[in-house]
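Line order of the protein sequences matches chains P and H. Sequential numbering of the first sequence, starting at 0, is according to numbering that gives the first Met the number 0. Sequential numbering of the second sequence, starting at 0, is according to numbering that gives the first Met the number 0.
Mixed in with the good hints there might be a few duds.
In silico EDC-like cross-links for lysine to aspartate or glutamate, where the CA-CA straight-line distance does not exceed 20 angstroms [what the hints assert, rightly or not]:
id	chain 1	residue 1	chain 2	residue 2
1	H	9	P	493
2	H	52	H	232
3	P	112	P	66
4	H	105	P	434
5	H	90	P	438
Honestly, the hints are just simulated from the structure, not real lab data.
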Amino acid sequence: MTTRSRIPFYVAVLLLIGAGIALAIWRHVELGIPWLTGEQRPVWMVEARVDFDGTEEPVLASLNIPEQPPGFSIISEQAASPGYGFSIVENSGGRRAEWSKREVSGPQTLYFKAQFIPTDDSQPRRLVREPRPREMFWEEPQATAVREVLTQARERSSTPESMTRELIRLMQPDTRTQNTTLLVAEENYLQLVVDMLNHAGIPARTADGLRLEDARRRQQLMPFLQIYNGDQWLTFDPQTAEQGVPENLLLWRQGSESLLDVVGGDNSEVSFSMLRQTVPALQLATMQAESNGLGFLSFYELPVEEQSMFRMLLLLPLGALIVAFMRMVIGIRTSGTFMPVLIAVAFVQTTLLPGLIAFLSVVAIGLLMRGYLSSLNLLLVSRISALIILVIFITAGLSIIGYQMGFNTGMTVTFFPMVIIAWTIERMSILWEEEGVREVMIQGSGSLFVAICAYLVMSAPLAGHLTFNFPELHLVILGFILLMGQYTGYKLSELRRFSPMKVYD
Amino acid sequence: MEWISPRRLKRLGMLNMNRRNVDYIARYNERSSYPLVDNKLKTKLVVAEYGVKTPRLLQIVREQHEISHFREMAEDLEGFAIKPAKGSGGKGITVITGRDGDEYIKASGARVDAPYLERHLTNILAGLYSLAGTPDVAIVENLVQSDPDLARYSHQGVPDIRIVVFQGYPVMAMLRLATTASDGKANLHQGAVGVGLDIGTGRSLNAVQFNRPITLHPDTGLALENIEIAAWDEMLEMASRCYEATGLGYMGVDLVVDANEGPLLLELNARPGLAIQMANGCGLLPRLRAIENLKRPHFSPGERAQFAMDTFASR
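Given only the sequences and the hints, what does the whole structure look like? Please build it.
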């Protein structure tokens, strides 16, 4: 009858384990939660500094800030500018940081800081509106020159990309012809290329990039050329015609009208400093989770107090797994089924040695006092109640003595669950009376051994990390515990217990 | 440290704890039948309807204030046994075998006074010995006058016979003899001697104490080889009848042989231990499987007992 019902059970357990692992892997990939503790990820901290002189007028300073720069993602943004109102404004032209103040005079400095992490996936941003080439009007004789150069470039190219490359090549000083010399002056080179591309029917614009180098200050933006190839914006180096965004290049401004507008200030300029930081990967993941929408699957959004509670609570299944294994497969006898887990939890908070000493002394003193209580001929309930109060006295006494002696650990004794200890003492003393010291020792040391094993597992940093950050792994633990419940083989202890049977074999 | 390989245990057909729990107890024992066996009072009442005799019930102590009646009742009794109705594994059973003035003599020979017994009753009522610590009832039973043929093998306590009954078939049996180490109790893990009994004849096979084979009783020094239980088929049938009474597919039936009344049922156990296999020198699994594979089970207890005697006889 059970052979039939066990197949769905195994399938369900397999699904449980599979789902747990799959969910963990998905979250690792999607949120970047690291498998191991202490994993570090590089982060670029870029600071834009805006300087201008106030002219005793209301000031509105507006700085273009990046929005999904290719190859990077933004994890934090903040502005530092005393006395200024600050907000981030998003409009069709991009995102702008805006500072405002009623009356300003003298030199002013505004800061905008953002943290960027390099990412592999640079999914192109979906465009709201298909970009169209701007209509350009040229006056003679430029119009003829432009037409000539463009015809030349068009002949040698087949796509917007190759057209752009050819055009840039034609405009370089070493290949310049009369036509181009007529057009190019040093300061208008990039704008000229953009205008010409637009004229040729290719939407083009300028972008500003920032070369990321560790601990550089007062960096300026470098101009780049972007064209739209009918599908996405492509970036070109306007001098070398090299296509694509070089590594460590952060595109600060893409496609918006201006980098910096200051109303009510003179001599405005913007400069950049940057710093390469390493941040624990986990911290990054939690920061991203908040913005990602996947955060609801984790504990990061809970208040810190609840988080620390769950950190402890989520260790319990591990302890339960250890106890189940020790009892069902190894065959160690413990007093009470899950007493070892509770002791182990207390050990996690007190650390092992002080916890062990505290536990043993509380139980030992408690057993002595229980001896006296049993001679009082009390009812069981009041005896247990009295024992609970005594246990509290003992722990309080130990704490005070420990504190006076300079051991801080005395204080943490209170983490032991009082009622559990009281019951343990009661059970042990009954066991002592009925089955003798031997049984008490077997069960007591069995409990302690299992508790220590559970403690060692639960206190491992990796265990805490995995159980808290991948709570779905508990499905795997659940699966293992269910599987163990089906284990009908011999326990290790039975191989010893039944060893006299050799005679009959 | 001695070890035995799992393969050898398998060859011997040794039933182990996990398999017992999963494949036999969980599968054949209805949860709803447990209160029947976990409560000795209920057991007594229900098996009586199926013609299974138990020691005479002297008194039931249900409430704290009834304890005063106990002293009156016990006044003119020589021997009796106090048991928690929901106790397990012989916990909380106190056997009084005689009187010495105001003091009572326990089976172990220790003398205790009336307040000791009253305290014991109080503990029982509070649920100290019951499985989940729930409030309990104490029952006082007539003292079993052990059959002298058997009693001489046992040190102090009354020897009892444990029969494992599977789906109404007695499959394995052993005689349990108290020792000094077991404090007059017949619990193997406390040091009582277990003597395997041949299902076919009721003769002794091997003996173990603390899981080690022995040939002589450690206290009485008597050889344990040639014990024979009288009225063996009657006992097997009695054990078999408990299946109808309780509906438990896998259980241990504990019987004693009273000098005057013959076999009496002491208690039933829904989770009988595994040491019986060591006393018998063979595993339970082949016998359990033989019954599981029966195409047509026998319906009457007598037929089942006869089938077991024919099938599981050792020689």
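Outcome of the hint check:
1. The straight-line distance between the Cα atoms of residue 9 of chain H and residue 493 of chain P is roughly 12 angstroms, inside the 20 angstroms bound, and the hint therefore holds.
2. Taking the CA atoms of residue 52 of chain H and residue 232 of chain H, the gap is about 15 angstroms. The hint holds against a cut of 20 angstroms.
3. With a C-alpha separation of about 14 angstroms, the suggested pairing of residue 112 of chain P with residue 66 of chain P holds against the 20 angstroms cut-off.
4. Note on residue 105 of chain H and residue 434 of chain P: the hinted pairing holds, with a Cα-Cα distance of about 17 angstroms set against a maximum of 20 angstroms.
5. Proposed proximity of residue 90 of chain H and residue 438 of chain P is supported: the alpha carbons are some 14 angstroms apart, at most 20 angstroms.
Of the numbered hints listed earlier, not one is contradicted by the structure.
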